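Protein chains: 2
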Amino acid sequence: MKEVCVRAFAPATVANVGLGFDFMGFAVEGAGDRVEMRLSRNEKTTIRLEGKYGHMVPGDPSGNTAGVACMALLTAIGSEQTGLDIRLEKNLPLGSGMGSSASSSAAALIALNRLLDDPFTVEELIPFAMEGERTACGTAHADNVAPSLMGGFVIIRGYDPLDIIKLRCPDDLFCALIHPHVELKTSDSRRVLRKDVPLADVTRQCANVASFITGLFRGDFDLIGRSMHDILAEPKRQQLIPGYELAREAAISSGAISCSISGSGPSLFALCKGKDSAVRAASSMQNALHQAGIGSDMHVTSVNAPGARIEHSCQ
Amino acid sequence: MKEVCVRAFAPATVANVGLGFDFMGFAVEGAGDRVEMRLSRNEKTTIRLEGKYGHMVPGDPSGNTAGVACMALLTAIGSEQTGLDIRLEKNLPLGSGMGSSASSSAAALIALNRLLDDPFTVEELIPFAMEGERTACGTAHADNVAPSLMGGFVIIRGYDPLDIIKLRCPDDLFCALIHPHVELKTSDSRRVLRKDVPLADVTRQCANVASFITGLFRGDFDLIGRSMHDILAEPKRQQLIPGYELAREAAISSGAISCSISGSGPSLFALCKGKDSAVRAASSMQNALHQAGIGSDMHVTSVNAPGARIEHSCQ
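Residue numbers (our numbering), protein chains in the order written: chain A, 1 to 315; chain B, 1 to 315.
Mixed in with the good hints there might be a few duds.
Straight-line C-alpha distance at most 16 Å; calculated EDC-like pairs for lysine to aspartate or glutamate [to be verified]: (1) A:K166 x A:E124; (2) A:K166 x B:D220; (3) B:K166 x B:E124; (4) B:K166 x A:D220.
I should point out that these hints are in silico values taken from the structure, not numbers from a laboratory.
It should be emphasised that the depicted structure is a prediction, and the values quoted were computed from it without experimental measurement.
Model the full assembly from the supplied sequences, consistent with the hints where possible.
Printed below as a string of C-alpha cells:
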C-alpha cells in the first residue's frame, strides 16, 4: 500500500443525451465532485462534507453515494479495511440532471481503488458506483456513473451482464450545458413518462438512435442534429422545466445543432460544432433564461472529456 | 430518348434486420426480380408475367407493384407517356419476407428512369417504389424498396421528409438467407405484435440498436452479434414460423454471429463473418429444417450487395 492519502476528481455527466433514454451518457469537463481519502485505523468510515453543496448531502456513509460505493467495493473484496476518512468536496448541485450523485461515488471509488493499489480497472468500478445510484435514486443505473468513471461518450448496452461501450466522438463535437436554477424532482420527471410506448414511436426512436450513432462515427453534424429528436422523454419533461422552450430556441438560433434535456432535467445541453459555437450557445441560453427571470450556471465541454482521475497522492 | 428497350434487375432484401423493426434493411446478392421495358405508342400499359412466381402476381398494372410504381413516376413528371410494355420476370416468392414486391417495383423504376433519360437519381425513385408497397401491403414503407434500389445496408431515419442513410458495412459481413417453404400471412405477422411497448423494453431495444450500429462501424463482430437481440418482433413472430428455433440453433452452432427473422418472415437470416461461414450457416439451417420436414431455399450474400441496375439496353 504505497499511497496514504489521495485526492480524486470525477466529472459531471449528461445522461440520456436526449434520445438515449436511460442508456447513453457523456462526461463534462471542468465540473465535478472531489474526494480526498485516507485509510483509517478505525473501523468506522467518516465523511467530512465541504463545497457549495456539501450541506445538502448526508454525512452518514450509508446514505452518501461516496460512502455506499466504497462499502460495496470493500465488501466485494472481503477487505478487513472498513474505515475510511473521506473529505467530499460537493461541487455539483443535487437534482440538477448533471449526475451529481454519480460524480461523488466515482471520485470516491477512484480514490479508494488507488489506496488499495488498483485491484480493479476503471470499468470494473462501475457496479460499485451503481450501488451509490441505488441509494440516491432507487435504481442502480449506469448512465451517469459509467461516463463519470470512464470519460467520453458511453452506451450502456445492457446490465446482465453489464456491457458498456465507449465511443470516440468527433473531436469538434462540443456541448453547452446549462443548469437553470429551478427545482425539479426526479420523481416528477419519472412520473410524467409514458409507461408504454406505441410501436410506431418505438420505430421512430430507434431509427433516430441508429442515425445519431451513424452521425457520431461519420462526424456528420447535420445528421447528428436531425437525429436528435427524442419522442420518449423530452415532450413530456419539457413542460416541467420553466424556460425550456426559450432556452432551446436560443441555442438553435445561435447555431447549436441540437438541444435537449440533460438527465432527467432541469439542466439542458446543446450539441455544437466547435468550442466557439458551444460558448455562443451557452451564452444565448443563459440570456434567454435570464430574460425569463431564471438564473443559471453554464459549462462548455468537449464530448470526449476525460473521466474520473487521481489529482494528487502522497505517501 | 436514346434507349428503346431496357432490362433491369433489382435484388431481394432483408428488412427489419432483426432489431431494426421497420427502419433497417439490406440488399441480397443474386436473388431478385427482372423487368424488361419498352415505351409503348399505346396509352395502355401491359405487363407480361414470367418467372417462377409470375402466375402469383396481378397482370393488371394498377394492382402490380411494378405497374403502380411506374405510374406514380409518370404522374409525378406529368408525362404524356402513359403506355409501357413491361415483361416482369417474377423470381421472388410472395409473402416470403424477402422483399418480393419491392424488387419488382425497384427493377421497373430503374428501367423506366433509363428509358426517360434518367430524370431521377436512384434515391429519388424511392417514393415511387413506396407507392408499390402501398398497393402490395397497405403501407408505403421504404425498408425494402430503399435497399433494393440503392443496394447495401440502409437506415430509414424518417418519412417526413424521407431521410435514408446508407451505411458501408464491414467487407467480411455476410448473410445466410433461408426461405422455408411455409406459408405466413403478413397480416398474421403484424397481428401478433404488441401495439404498445413497455418503456424499459424500448430502452433495451434502443441500446441494442446503438450498439449494433457501433459494431458495424467498428467491424466488431462480437458486438454485432450480442447486440442483435430483438425484443419487439422476434419473440412474437418466431412462434408463427415452423422450425424457426431449430434453424436458429443450427445457424449459431455452425458459427453464425446472429440469426433473426427477415422482414415479417418466414425467411430467416444469419449474419456471419466471412462468406465461408455464411455458406456453412445456410447449409446447417437448411439441414435442420429438412430434418423437420420443411423444404427451403438458401442465398448467401454480402451485406454490401449492389442495388437495382440496368443489365441490358438497346437502341
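Evaluation of the provided hints:
no., hint, result
1, A:K166 x A:E124, "holds, 14 Å"
2, A:K166 x B:D220, "holds, 13 Å"
3, B:K166 x B:E124, "holds, 14 Å"
4, B:K166 x A:D220, "holds, 13 Å"
Taken one by one, the earlier hints all hold for this structure without exception.
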